[in-house]
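One-letter residues, chain by chain:
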Amino acid sequence: MPHPLLLRALSRRRLLIGAGLMALSPLGLSSAALADGPWQRLDAAGDLLRGTTPATEGLALELPHVSEDGSAVPLSVRFDASLAEGDHLAEIHLFATGNPYPEIASFHLSPEAGLPEISTRVRLNESQQVIAIARSHRGETFATARDVRITVSGCLMRGDDQGPEPLANPRVSLPERAAAGEPVEVRTLISHPMETGLREGAGGETLPRHIIERFTVTLNGEAAFTADLHQSVSANPYLRFHLSPTEDAEVVFEWQDDSGESARHEASISVS
Amino acid sequence: MSHTELVAWSGLVIGLAFGATAQASGFCLLRGLNHSWTTGDSRKLRAFALAMAVALLGSQALAALGVLSLGGALYLPPSASWLAVPLGGALFGYGMVLANGCGARSLVLLGSGNLRSFVVLVCLGLSAAMTLSGLLAPLRVWLEGATTLALPARDLPGLLGVPAWLPALVLGGALIAWALASRDFRASPRDWLGGLVIGALVPAGWLATGVLGFDDFEPVRLATLTFIAPIADALQYAMLATGTRLGFGVSVVAGVLAGALVMALVRRDFAWQGFSGPGHMGRSMAGGALMGIGGVLALGCSIGQGLSGFSTLALPTFAALAGIAAGAWLGIKGPLTLSNSTST
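Chains A and B are the protein sequences, given in the same order.
The opening residue of the first sequence carries number 0 in numbering that gives the first Met the number 0; numbering runs sequentially from there.
The opening residue of the second sequence carries number 0 in numbering that gives the first Met the number 0; numbering runs sequentially from there.
Just so you know, not all the hints are guaranteed correct.
Unchecked claim - If you only want the chain A side, here are some residues facing chain B, beta carbon under 10 Å, derived:
#	residue
1	His-64
2	Val-65
3	Thr-150
4	Val-151
5	Arg-170
6	Ser-172
7	Pro-174
8	Ala-234
9	Tyr-237
10	Arg-239
Said to hold, decoys possible - Per label pair, the in silico range of CB-to-CB distance:
#	chain 1	residue 1	chain 2	residue 2	range
11	A	Asn-124	B	Arg-220	20 to 30 Å
12	B	Leu-239	A	Arg-213	44 to 54 Å
13	A	Ala-167	B	Leu-148	25 to 35 Å
14	A	His-136	B	Val-140	23 to 33 Å
15	B	Arg-185	A	Glu-184	48 to 58 Å
16	A	Ala-80	B	Leu-148	24 to 34 Å
17	A	Thr-205	B	Phe-117	46 to 56 Å
18	A	Ser-75	B	Thr-38	50 to 60 Å
19	A	Ala-167	B	Ser-1	53 to 63 Å
20	A	Arg-213	B	Gly-242	30 to 40 Å
By construction, these hints were calculated from the structure, which means they are not laboratory data.
For clarity, every value in this text was computed on a predicted model and none was experimentally measured.
Cβ atoms here follow ideal geometry from the backbone N, Cα and C, with glycine treated the same way.
Kindly produce the complete structure, drawing on both the sequences and the hints.
Written out as structure tokens, the structure is:
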């Protein structure tokens, strides 16, 4: 059995080697260093990655560096790496690490969702890191993170506004025509308070959670784009995404909230 | 052109018109109050009153015709601080006296070669940003939170329970009648034309942000002429332009500066001016800082609340205006008059 002092010397040497490797890593082991991203500290992200090491190139988050209105921070997520023939990006998940509930939204894309580029508006209650994790149909994973600073709101004296009528007035902008294989931009907006369940009303009582949980877009009855929304999505959820239908399609947009109510909007698009 | 670019360009045009008109006509609330209280010459004050009336009637007409709804304006919050708004107005009014002009006036003077105004504007922008989102912001949030008051109504017509056209016509008519009652004012086209044009720019601003900026999915925030937050934003934009989107307020500020410069050159009125000494400079700096802090607390400056806020008939506007007038009185005639007060 080695002498205790020797053991200590050994472990110290191991430490030194470790430190040396760490110092090298930004140059020599960059992929390993990058894979060690903030998503590793997020349990939900671990479930999504299922042990894979996500690529850090290809997925990009766009958020203002500094935002003075944390109740509606514009967010865009874009994927522009190339995937193997026949594969497509199937899921994008967004997290706000500093929010009481980190999940922001999960998007599920079919091949007919075309270009993986999605915009929405989110709630960020403090300066924090926003994380996006994406997964392709065949299981390739991608991750990225962005720091956002939230300042005290510039227009603070907005009191407890009467929220909008839930699920009222769905608005959709969808071109009437598309060229086959060319993605078209779709923008949707619907009135909804997206009440978090964490806020107090004027009388001090906690306002119950009331949010849109799911937004679905179908092309001729087939799901093309779905979004699972959480409390961190801003009131009056706004979503910009893409569709690339291969043939003339009846497009149905449906919003479902957690009280069982839903709203629908139907449109059609002709493909040439 | 996207709707946000359209709004930014129209802000520039409105700013150019404001800058040129204010440079040529000497439009200034402080000068109006000062002349009226010290020499009895009320032409400048009547020009401001005329601008208030035109802004009010024009904006209320747009709302009545259903062209736009003023309900989204910042001046019409469901609750306001009973302390911050009048206190902010008073700080702004006193600061305006110290700095020898409000924020908008300082932009116009800078365009005419007055370098003192540059110092005022930097102090104003810095202190406004500090109060909005910086070191002083927690204090502001605490103050507003401790003194917040749910308003019985959002605007004057709501409070009185009458249709909006009634107080608009009565107040607008009274202001016009008072302005035109003076023979001196009627005989001074420079003043009444100035008041008329500047007043009309307020509804033009509502149109730019509320109609040109209308978009179902990404609406532009409803706004019109105001100068405190926009001066702070303009300083920030100068430093962070590559990562920031140009908004209405910042393009108005740029337009005012450019419009005043062009008009000063055309009128051969451009002259470099500096401080006479450190006391003078300190006074201007303090004035700029007070205007920045006060303008944020009061939700607007002499133009922002005096013309734009007034055009919505919002209740807090009346408290802010009373504060501005009280602060200006303290500095011009009251116990806080500084001995080396230089008249404009």
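Hint check:
Satisfaction of the interface hint for His-64/A is found here, the shortest Cβ-Cβ separation to chain B being roughly 6 Å, below the 10 Å cut-off. Because the smallest distance between the Cβ of Val-65/A and any Cβ of chain B comes to about 8 Å, under 10 Å, the interface hint for this residue holds. A least Cβ separation of about 4 Å between Thr-150/A and chain B falls short of the 10 Å threshold, and the interface hint therefore holds. Interface hint at Val-151/A: satisfied, since its Cβ lies 4 Å from the closest Cβ of chain B, which is below the 10 Å cut-off.
A least Cβ separation of about 5 Å between Arg-170/A and chain B falls short of the 10 Å threshold, and the interface hint therefore holds. Interface restraint check: Ser-172/A against chain B, minimum CB-CB distance 7 Å, threshold 10 Å, status holds. Against a cut-off of 10 Å between C-beta atoms, the interface hint on Pro-174/A is violated, since the closest Cβ of chain B lies about 14 Å away. Nearest Cβ of chain B to the Cβ of Ala-234/A: about 13 Å, over the 10 Å cut. The hint is violated.
With a least beta-carbon distance of about 6 Å to chain B, the hint placing Tyr-237/A at the interface is held under the 10 Å criterion. Below 10 Å, beta-carbon pairs count as interface contacts, and Arg-239/A has one with chain B at about 7 Å; its hint therefore holds. Judged by the Cβ atoms, the range 20 to 30 Å given for Asn-124/A and Arg-220/B holds: they are separated by roughly 21 Å. Our hint of 44 to 54 Å for Leu-239/B and Arg-213/A is violated, since their Cβ atoms are close to 38 Å apart.
Ala-167/A and Leu-148/B have their C-beta atoms about 30 Å apart, which keeps the hinted 25 to 35 Å range intact. One distance hint, 23 to 33 Å for the beta-carbon pair His-136/A and Val-140/B, is violated here, with the actual separation near 48 Å. The beta-carbon spacing between Arg-185/B and Glu-184/A, approximately 57 Å, falls within the hinted interval of 48 to 58 Å. In this structure the supplied range 24 to 34 Å is violated for Ala-80/A paired with Leu-148/B, their Cβ-Cβ distance being about 55 Å.
Checked against the hint of 46 to 56 Å, the C-beta distance between Thr-205/A and Phe-117/B comes to roughly 51 Å, which is consistent with it. Taken as a hint, the range 50 to 60 Å holds for the pair Ser-75/A and Thr-38/B, whose Cβ atoms sit roughly 59 Å apart. Between Ala-167/A and Ser-1/B the Cβ separation comes to about 27 Å, which falls outside the hinted range of 53 to 63 Å. The beta-carbon spacing between Arg-213/A and Gly-242/B, approximately 34 Å, falls within the hinted interval of 30 to 40 Å.
The structure shown violates the earlier hints numbered 7, 8, 12, 14, 16 and 19.
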